[in-house]
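Given chain A's structure and the hints, the job is docking chain B onto it.
Going down the list, the sequences are from chains A and B.
According to the numbering used here, the first sequence is numbered sequentially starting from 1.
According to the numbering used here, the second sequence is numbered sequentially starting from 1001.
For the record, the hints were derived by calculation from the structure and aren't laboratory data.
From a predicted model like this one, the values you see are computed outputs, not experimental measurements.
Treat each hint with caution, since some may be false.
Label pairs and their in silico Cβ distance ranges [what the hints assert, rightly or not]:
id, chain 1, residue 1, chain 2, residue 2, range
1, B, Ala1096, A, Trp52, 50 to 58 Å
2, A, Val31, B, Lys1183, 21 to 29 Å
3, B, Ser1080, A, Tyr105, 57 to 65 Å
4, B, Ser1026, A, Arg113, 27 to 35 Å
Don't be surprised by glycine CBs; every beta carbon is placed ideally from N, CA and C.
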Amino acid sequence: MHSQAQNPFGPTPYERKKERASLIAKVVTFVMSMALVIPMLLIIGLIFVKGWSVISVDYLWENPRGGGIAGGIWGPLIGTFFLTLTCLVIVAPVGVLAGIYLNEYAPDNRATRAIMIAVTSLAGVPSIVHALFGLGAFVVAMHMGKSLLAAACTLAVMTLPVIITSTREALAAVPRNFREACWNLGASKWQTIRTIVLPNSISGILTGVILVVSRAAGETAPIMLTGAAAYLPLPENMPDKLMPYYLGDQFLALAMHLNVIARDVPNMPTEMKFGSALVLLCLILLINSLAIIIRVQLRRRKRW
Amino acid sequence: MTSTHLSPPLQIPGRDGYSIHVNDFSLWYGDFQALFNVNIDIKQGLITAMIGPSGCGKTTMLRSMNRINERYGNVKTTGSITILGKNILDEDVSVATLRKSVGMVFQRPNPLPISIFDNVLFGLKSHTPSGYYSRRELQDLVEQSLTEVGLWSEVKDQLKRKATELTLEQQQKLCIGRLMPLKPEIILMDEPCSALDAAGIERIEALIGGMRGKFTIVMVTHNMAQARRASDECIFMLMGEIIEHSPTMDLFMNPVHEKTAMYIEGRYG
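One chain only, chain A, in its complex shape (with noise of 0.2 Å):
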């Protein structure tokens, strides 16, 4: 060991005191990113621990009976599920198609960048505005009534600007250079878009997509006034059960469920309200599980 008259390098005083304040700060940041992780994990065990007495296949299967106070959680889960897909068929494409256009075409002037501030903007709208509009637009004015097909609509309303953001983000985080160099070689923008940035950027749009798209499964306020009903009597019979619910019919969406058995239904039992929220928590994980496979799967391939 070296005493400090022949370390030149040791530390001074100030600097001891400088790595104080940085282990300081270092705790600090640490315990604030805690304070986000432990209540979650409360919230997530909670409802696992409550909830999980009443989970069985037969819950899953069944219908709701008796304005929800009985029976399963079947009717909500396939409805949550056609309501995202059909909201995922209508948003996807525009949102991700705006986004390249937006990203790869658009010139860089007053009007693009008012357009992107809008999209901004809209991402903040509150969700109960965007029912309001959904009810004005889809159930009225275009005579969709309260149906299946008015809530997608609302719900891709209001996760485009997300889409179009997150959409824009992925493609620009392709190298400049490679764009470059298809150019060089003659390659027209579509050309280039297609087969360099697309296939280079499509783990990052789809991730994008897949979380926006989960978000959308857990809202109440938008379907609420759009479509989702608090309860329905559903067909128990084969293949009429699979399939309860076309475009133009109202219908029955888990978080909309949550809502009414938590708050409206006398002498619910506690552990079917939490065992409601423990299927809807699933199903959004799931959701955000095969974002991350994906994400995963796809970088595996990418080599820069």
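Then chain B, alone, in the frame of chain A:
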């Protein structure tokens, strides 16, 4: 810039005439070995250039001399690098204090996005409690430092301006100037001129030449003509090994190794 004479190494009492001793130094990035048993003795007060083809390890060697490589995480080393009689790879070395003595100038000028004045003092303020120096002292230090790099007359009326608005040449001068308040022993330069135009290169080389004797300068360069006109000693590296280390004129006029001769003739690299 034609003066390429060799100034004799400064003899400072208590030193052996050398600033850096690298002994049997090897370095790995993960499984890839970038440096193989490097031994170098760098003389105090001279300008030593490191040349060699891309990927030969010269930048890695340079960056090891103030341990800036460690940030990359998967770096493993053996051997020692001794500066001021201390192996800088020892456990009890504070990298902050080390980097005060061993400054670095990067390829792309990297002034901080704050005022010129604050850029010059940023290093000093990182090493002293706030309020340690008076306003007057700090102003004098800024003037001395910028004068040292020939920037004072150009910017003395705009010290509050953001440093990132300067021309590249001015930015690089500022990046050298902001080391001055720390009174470094050694200044490492990683291709300090490659972002500049011919006139800028000439002036930065003149500046570096004027610093001879006051600092030990180690400079990585891709530009062999630059190594030849701006350095006192020259180290030729290839594939992570030192091939030849001699006074610049000897290396260029009478290279000992065939590989050095072929490289300086431009046969490869």
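Distance restraint hint 57 to 65 Å, applied to the beta-carbon atoms of serine 1080/B and tyrosine 105/A: holds, 58 Å
Pairwise beta carbon distance, alanine 1096/B to tryptophan 52/A, judged against the given window 50 to 58 Å: Because 53 Å falls inside the window, the suggested range holds.
For serine 1026/B and arginine 113/A, compare the CB-CB distance with the range 27 to 35 Å and indicate the outcome. violated, 53 Å
Please test the hint of 21 to 29 Å on the beta carbon pair from valine 31/A and lysine 1183/B. violated, 39 Å
Violated hints for the displayed structure, listed by number in ascending order: 2 and 4.
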